[in-house]
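Starting from the structure of chain H, add chain G where the hints point.
So the sequences go chain by chain: H and G.
Numbering-wise (our numbering), the first sequence opens with residue 1 and increments by one.
Numbering-wise (our numbering), the second sequence opens with residue 1 and increments by one.
Here are some, though not all, of the chain H residues that point toward chain G, as calculated from beta-carbon distances under 8 angstroms:
no. : residue
1   : K3
2   : L4
3   : T11
4   : H38
5   : V39
6   : G42
7   : E48
8   : L51
9   : L52
10  : Y58
11  : P83
Calculated directly from the structure, the hints in this document are not laboratory data.
Where is the CB? At the ideal position from N, CA and C, for every residue including glycine.
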Amino acid sequence: MWKLLVKIFRTGRLTEKRSRPVTPPPTPGFGRSLAIRHVDAGSCNGCELELLALENPYYALSSDGAKFVASPRHADLLIVTGPVTKAMKEPLTKTLEGIPEPRRVLALGDCACDGGIFRDSYAVLNGAPQVIPVDHRLPGCPPTPDEIRRAILQSFTLARTGRE
Amino acid sequence: MDNDTFPKRVSPGFCLIPREDGIPRAIIPQETPGDYFEEARILAASGGRFLGLWAAGAPEPRICTAFLLREGLFVLVLPLSSPEGRQTFPSLSSFLPAVDRFERSVRDLFGFTPEGLEDTRPWISQGLWSVPPLSSPPGTCIPETPRADLREYPFVPVFGPGVHEIPVGPVHAGIIEPGHFRFQVVGEKVLRLEERLGYTHKGVDGLFRSRDISSGARLAARISGDSTVACSIAFAQAVEQALDFTPAAGVRFLRALLLERERIANHLGDLGALGNDAGLGFGLSQFGRLKEDLLRRNRTHFGVRYLFDLVAPGGVRATLDDTAIRDLLDENRILSAEVAELQKIYDDHGGLQDRFQNTGVLLPEVARRLGAGGVVGRASAQAWDLRADHGGDPYRRFPPALALAHEGDVAARVLIRFLEIQESLVLARALLEHLPENSIAEPLPDNPETAEGLGIVEGFRGEVLAWVRLSPGGVIRAAHIQEPSALLWPALEVVVPGNLVADFPLINKSFNLSYSGHDL
Chain H
1 MWKLLVKIFR
11 TGRLTEKRSR
21 PVTPPPTPGF
31 GRSLAIRHVD
41 AGSCNGCELE
51 LLALENPYYA
61 LSSDGAKFVA
71 SPRHADLLIV
81 TGPVTKAMKE
91 PLTKTLEGIP
101 EPRRVLALGD
111 CACDGGIFRD
121 SYAVLNGAPQ
131 VIPVDHRLPG
141 CPPTPDEIRR
151 AILQSFTLAR
161 TGRE
Chain G
1 MDNDTFPKRV
11 SPGFCLIPRE
21 DGIPRAIIPQ
31 ETPGDYFEEA
41 RILAASGGRF
51 LGLWAAGAPE
61 PRICTAFLLR
71 EGLFVLVLPL
81 SSPEGRQTFP
91 SLSSFLPAVD
101 RFERSVRDLF
111 GFTPEGLEDT
121 RPWISQGLWS
131 VPPLSSPPGT
141 CIPETPRADL
151 REYPFVPVFG
161 PGVHEIPVGP
171 VHAGIIEPGH
181 FRFQVVGEKV
191 LRLEERLGYT
201 HKGVDGLFRS
211 RDISSGARLA
221 ARISGDSTVA
231 CSIAFAQAVE
241 QALDFTPAAG
251 VRFLRALLLE
261 RERIANHLGD
271 LGALGNDAGL
281 GFGLSQFGRL
291 KEDLLRRNRT
301 HFGVRYLFDL
311 VAPGGVRATL
321 DDTAIRDLLD
331 ENRILSAEVA
341 ELQKIYDDHG
351 GLQDRFQNTG
361 VLLPEVARRL
371 GAGGVVGRAS
381 AQAWDLRADH
391 GGDPYRRFPP
401 ALALAHEGDV
411 AARVLIRFLE
421 IQESLVLARA
431 LLEHLPENSI
441 AEPLPDNPET
451 AEGLGIVEGF
461 RGEVLAWVRL
471 SPGGVIRAAH
481 IQEPSALLWP
491 ALEVVVPGNL
501 VADFPLINKS
511 FNLSYSGHDL
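Isolated chain H (complex conformation):
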């Protein structure tokens, strides 16, 4: 056990000091904390790897007030990755329905934006905007954790766009 404690002590604090690009002003409904539900709608798992990186000690997304949650009922923001396969259309729509208002939707990665390299396959629907209302898009294959972090923090303040 002491080895473990020594290792923690020697490693020190790694979370990077950032000049916060967005100090989220209190937004109606979200306050200063944002709960995120992620749905993989058929990605190659590249975007997932970078989403997971946000939880490593360097990025420590939770120190910005945002965290991933297990249930859509607890979520403010839905992050969609992947080109939305036909088999994932219904699970994706149902997850969105489970998220209470006010809520935002972020399409993350080239595939979620417009189908990416899988565009026009018989099995995909060419991106999240074809299936659900999307407020914010972040292209990239995959986007870097810094870009994802910025996009998440922006969605605190983002006005609703592209809604029917």
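Structure of chain G alone, referenced to chain H:
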């Protein structure tokens, strides 16, 4: 294997040429369904490991079945374009338990019927389309099944007092790919697990059709993001074999280096997640830190964190100068010491070992019968590693030691990952120290007629296999990439019963299979 036990039937029609760029790989055409069945049976009986089965549609309908032997890779090809328009092929399920979902997928996507296959349920297509989507030419509109109730999947039920069912997914409670698990449990104990996959099916085999080589390579790199280097190398090898082209030594070395970096990054991530799933958040932080350091060095020296699109048919889009090599050698030394230190902490942690040991046991005999390879296979005494066995250059010059364990539990799969990280670091060091002057990419020769090729490489999860058929002018007529997850998902189903429901995430993580790589 000595010559006496070498499969006799295979010998006449094929030539197995040693290759510089990897193991010998041969495509063996079969004339009749009977030949195909018999040949497959002999290959399986003579120690060949079944690696995958796929099809190609019109205008050249065919079934391809891959076996890996110690001598090399064999792919049996059975054309289906007989005069009488035969659309059936003999099922191999009578002697190959692992073939079931492959044959169901071919039936779903192409409409070719495996004769003798008992399971008639749809698999990869989930019954979404009313005609097999790959039976029509590219661009055709594929009608969807009008009635949603056709998609109800008859899971095998379990009856008895106190037995109940837990459905999980397709959306899971975390940052994970989608898939459905159906548990039959009594109390906390799992009696049966059945998977239902196909949620990430993107029609990759269809997307390959009519692409040029470089666009096909971009698609191959996105079969499974965590294995992008492995899939890219396998695809590149297949194209290069079809065009009768051997990449320069410098290219082979850099590819091998990128492959080891991918393996190390994934193993670090898995070890952290395994600690976390067993309640040791310390592991997630520490291994997360090491993995992030490695990814940042990737960014510095190769321009990308995950090594997408660096390997291309004909070459590799990366160079390393002396400063970069020195930096990577420093990283190598530090990482080796850090991982050794963390391994000691994992080993000494009673609570962690209590969760790891005897959890999710895959018995060696079961692993053999299912043809499990990669980390999962090696943790259950299956001594296959393309790099250690017969990898070609540069593995022949710097052969890594085979990591092997016999217990087959989560602890064994953790151990294999620790061993492999250290072996990969040794190999990466040797590659960096002996990196030949490298020509980055050479133009590929043209193919005047239709050509076919195979590629196979040891990815971090196991063997990644690629097959490609090129029309003149380098247009892809058909291609398929077989990621090892397809062989390992059935093994997970076998391993989980008898364990506690709460141990499933830990066992699942110790396999770390790709949904995307399976669903294609």
